Amino acid sequence: MISSASPHQRTILFTLLGGAAIIALLWVFAISPKRSESAEVRDNVAAQEQRLQDAHTQLAAYETARKEYPRQLAALKRLDKAVPARGEISTLLRQLQHRATASDSVLRLAALKPGAAAAAPAGALAPTAATTPGATPGPGGLSTLPFTFNYTGKYFDLVKVLKAARKSVSVRASHLTINGRLVTIEGLTFARPKLDNSLIQATVSGTAYIAAAPVAPAPAATTTQGGS
Amino acid sequence: MRISNLLPDGTVRLGTRRSSTTVALDIGPDAIVVLQSSGTERARVRRAIVHPLPVGLVVDGEVVNADELAVELRALFTEHKLPHDVRVGLAHPRLMVRMVELPASLSGNDLDSAVRHLAGDLLPVALDQLVVDYRCIGKAPEGSGPRQQRVLMAAARVDGIERLTRALAGAHLRAERIQLSGLAMLEALEHPPMGGDAILYVQAGALTNVVIAEGGEPLLVRAASIGSESIAAGLAERTGITHEEARGHIAAMGVSPAQGSSDLTPELEEAVSQQVREGLRRVIAEIQSSRGFYSARPDARPIGGVVLTGAMTTWPGVSEMLRDELNVPVLPAGRDRWPDLGTVSVPPERLDVAVGLALASDSERPDLRPARAGASHRQIEAAPNARVAQVLSGAAALVAVAVVYLVIVSNQVSSGKERIAQIGTQLVQTEQQAADLKPYADFKQATIDRRSAVTTVATARFNWDRALHELSQVSPGEVWLTSAKGTLSSTTAVGATASGSTLRGALPGPALELDGCSKVERDVPKYMDRLFSMSGVSDVGFSRAERPEKDSTTTTASPTTCGGTDQTTSFSLVTYFKQSPALAALNAPAAPVVTPNAAVAAASSTTPPAAGTAPANQTAATGAGAPK
Chain U
1 MISSASPHQR
11 TILFTLLGGA
21 AIIALLWVFA
31 ISPKRSESAE
41 VRDNVAAQEQ
51 RLQDAHTQLA
61 AYETARKEYP
71 RQLAALKRLD
81 KAVPARGEIS
91 TLLRQLQHRA
101 TASDSVLRLA
111 ALKPGAAAAA
121 PAGALAPTAA
131 TTPGATPGPG
141 GLSTLPFTFN
151 YTGKYFDLVK
161 VLKAARKSVS
171 VRASHLTING
181 RLVTIEGLTF
191 ARPKLDNSLI
201 QATVSGTAYI
211 AAAPVAPAPA
221 ATTTQGGS
Chain W
1001 MRISNLLPDG
1011 TVRLGTRRSS
1021 TTVALDIGPD
1031 AIVVLQSSGT
1041 ERARVRRAIV
1051 HPLPVGLVVD
1061 GEVVNADELA
1071 VELRALFTEH
1081 KLPHDVRVGL
1091 AHPRLMVRMV
1101 ELPASLSGND
1111 LDSAVRHLAG
1121 DLLPVALDQL
1131 VVDYRCIGKA
1141 PEGSGPRQQR
1151 VLMAAARVDG
1161 IERLTRALAG
1171 AHLRAERIQL
1181 SGLAMLEALE
1191 HPPMGGDAIL
1201 YVQAGALTNV
1211 VIAEGGEPLL
1221 VRAASIGSES
1231 IAAGLAERTG
1241 ITHEEARGHI
1251 AAMGVSPAQG
1261 SSDLTPELEE
1271 AVSQQVREGL
1281 RRVIAEIQSS
1291 RGFYSARPDA
1301 RPIGGVVLTG
1311 AMTTWPGVSE
1321 MLRDELNVPV
1331 LPAGRDRWPD
1341 LGTVSVPPER
1351 LDVAVGLALA
1361 SDSERPDLRP
1371 ARAGASHRQI
1381 EAAPNARVAQ
1391 VLSGAAALVA
1401 VAVVYLVIVS
1411 NQVSSGKERI
1421 AQIGTQLVQT
1431 EQQAADLKPY
1441 ADFKQATIDR
1451 RSAVTTVATA
1461 RFNWDRALHE
1471 LSQVSPGEVW
1481 LTSAKGTLSS
1491 TTAVGATASG
1501 STLRGALPGP
1511 ALELDGCSKV
1521 ERDVPKYMDR
1531 LFSMSGVSDV
1541 GFSRAERPEK
1551 DSTTTTASPT
1561 TCGGTDQTTS
1571 FSLVTYFKQS
1581 PALAALNAPA
1591 APVVTPNAAV
1601 AAASSTTPPA
1611 AGTAPANQTA
1621 ATGAGAPK
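Respectively, the protein sequence lines represent chains U and W.
When we follow our numbering, the leftmost residue of the first sequence carries the number 1, and every step to the right adds one.
When we follow our numbering, the leftmost residue of the second sequence carries the number 1001, and every step to the right adds one.
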């Protein structure tokens, strides 16, 4: 067939074959690898762009946190009133007695006993204030400090003391009001030792909570601690 | 007249210039003559067809009714299945053909421009209304001035050419070239050596083509409107017969019909003879005029002979009359290169133009196609290896496209890598900034967590003060408590003592274990009922109610403890409160759930039946309420 073709036809045929061969070689050894590399680079670019976008989103959130830092610091100071960094149970009891206006009654700290705190729920943060003697890990990253105090006084003054302990930190319609230490009353027992006397003797077991202050950011590293 | 197969067996060598099928079209006022040839090395005539035309489509060689002519062409080509690439012969009196002399130094575009401007000078028509082409036919004889070259220039009006091309296009035909019919005739006939004299070629057909050539090179080409068609028209007008009848009569009778060989009346015979003689005289006048025009050239040579051809030369007496009137030796028309036409009745004089068109080379000029088509065609013809060049260009273009694509992909890769590096830099900066600001986020989160934890604990707390307050409100007047113990769960220890009652473990939530006295035993159930009115109470468990027996010494709650009389009854109750889920979460793990009644049963099993539960009618209400 080729032998019967004219020189021009043979030239055309060889030109076409040569062109096809060159294109095939280009495709196999140059274009195809480059296409694979291009696809890989495209994927990498997409992944990096996603990473960058995530980083920008995170940075924006951090910027918001920085702008909110003064507000958060004030909130933490309020929380520090309820959950200080140190125990100071005796001071707590005096405050309760004073707040309850139970002037004729006597509150005396009977014991600080570790290990009686409520169990920490799952996912709770690690305790940050376990350095106080008697403190154990508690719920939500708080450390619990169980205590027991003895009470001698009128029945309704005890009620006032318990109410004052509850009202120190109260929640109403998701609004947290803090007037003093956060205290949980675990149990109580009381009795009237003498039938002819209206005074009762009570023993109250409670739990106070303490927590270490969060680490303040470097630019505002002065202090984040309120008075405890 | 139609010749379906002029050359039935005819493998005829027409030349070696063509490598594909060629269809030559000689479109005259009376008929279309088609000649189809093919072959690579040896040209073969496949078909020759004469297709008569109605009167009025082509007048004096010019297309007048392009649409009707297109219909005729379409019908002709469809019927015979002819190829649509055609060569067309052109001849009419308004076609200007001049032999001019221009400086021999001119060539290429300069020569093109010179010829076009010369045509514009010779014809009172704007250049853009002309189709001009030319052929260089050699050097002019040397004179005193600079060396000159002879150029045969042809020019036609665009409108006439466009009517022709429109007719072709209407029949779906493509014009490979449009050549002068006179030159095609010259191409078809041989040129005997005349010892330096010129030869006069006369084609007397529907029109009269006159060519004067020196050594085969045309120096004068003219087309006159006088011819068989004008003679037939004159006869039809004179005698009142139809044009087609007139065509037949003049072709049959010519100048001197044989006596008795015609069925025509003597008057009609006389009219035919007279009309043909008048027509021939006008033809001769045109020929003489052309001779005179040629002879006016300073370098003109004497006319050594005349070659007569065309349909009219087949008429009786026409050749003799032309020979006598022209007074020039008549030379035989050399058609030795032609194929053997065999028994075909149509004289070969009718095929001179068509055969000449077929024999012409691919680069034959002048070509009077419209400028755009002609230029592109000439461009293709200019390069013998044009197709090879086209293929090479195509292949190179494909390779170039592949290379360009490779470059584009490479650029994409490079730009992608640059983008990755750029993103990496931005990422490092952003992450550094984020790391700097992360303590703020941690601080915020810690504050939120702290608040959440405080809120959770505060919400989950049991309201002991309310419970004790309500406890003081519900006791009947003759019932008083001696001791009470409240715990959040059964496992809660208050001070150093754990829960002393098994009944306490019946329910996991907060509970008050109450020990008290009643002056009247029936007040104990009443007290239990009132305990239910306290907020959040879910159940009240009854542990024991005892009234001291007179002879007994083993009571667990003596009247002395209650401080009453013998009717005083001591009791132990457990008041259970509902446990909120939050409190349950704080107190987890919860104690096993046991119903109070089951617990009572368990407690009863540990309490002496006789001393465990006193009948209700044996109790007495003697005590007071809660401690005051």
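Heads up, a few of these hints could be off.
Below, in silico cross-link-like pairs of lysine to aspartate or glutamate (EDC-like), each with a Cα-Cα straight-line distance of 16 Å or less [said to hold, decoys possible]: (1) W:K1438 x U:E49; (2) W:K1417 x U:D43; (3) U:K154 x U:D80; (4) W:K1417 x U:D104; (5) W:K1417 x U:E49.
Just so you know, the hints here were simulated from the structure itself, not pulled from any lab data.
This structure is a prediction, so every number in the text was calculated from the model and none was measured.
Against the structure, the hints:
Note on W:K1438 and U:E49: the hinted pairing is violated, with a Cα-Cα distance of about 21 Å set against a maximum of 16 Å. Of the supplied pair hints, the one linking W:K1417 and U:D43 holds, its CA atoms being roughly 11 Å apart against a limit of 16 Å. Pair hint U:K154 plus U:D80 does not hold up; C-alpha atoms about 32 Å apart against a cutoff of 16 Å. Of the supplied pair hints, the one linking W:K1417 and U:D104 is violated, its CA atoms being roughly 82 Å apart against a limit of 16 Å.
A distance of roughly 13 Å separates the Cα atoms of W:K1417 and U:E49; the hinted pair therefore holds under the 16 Å criterion.
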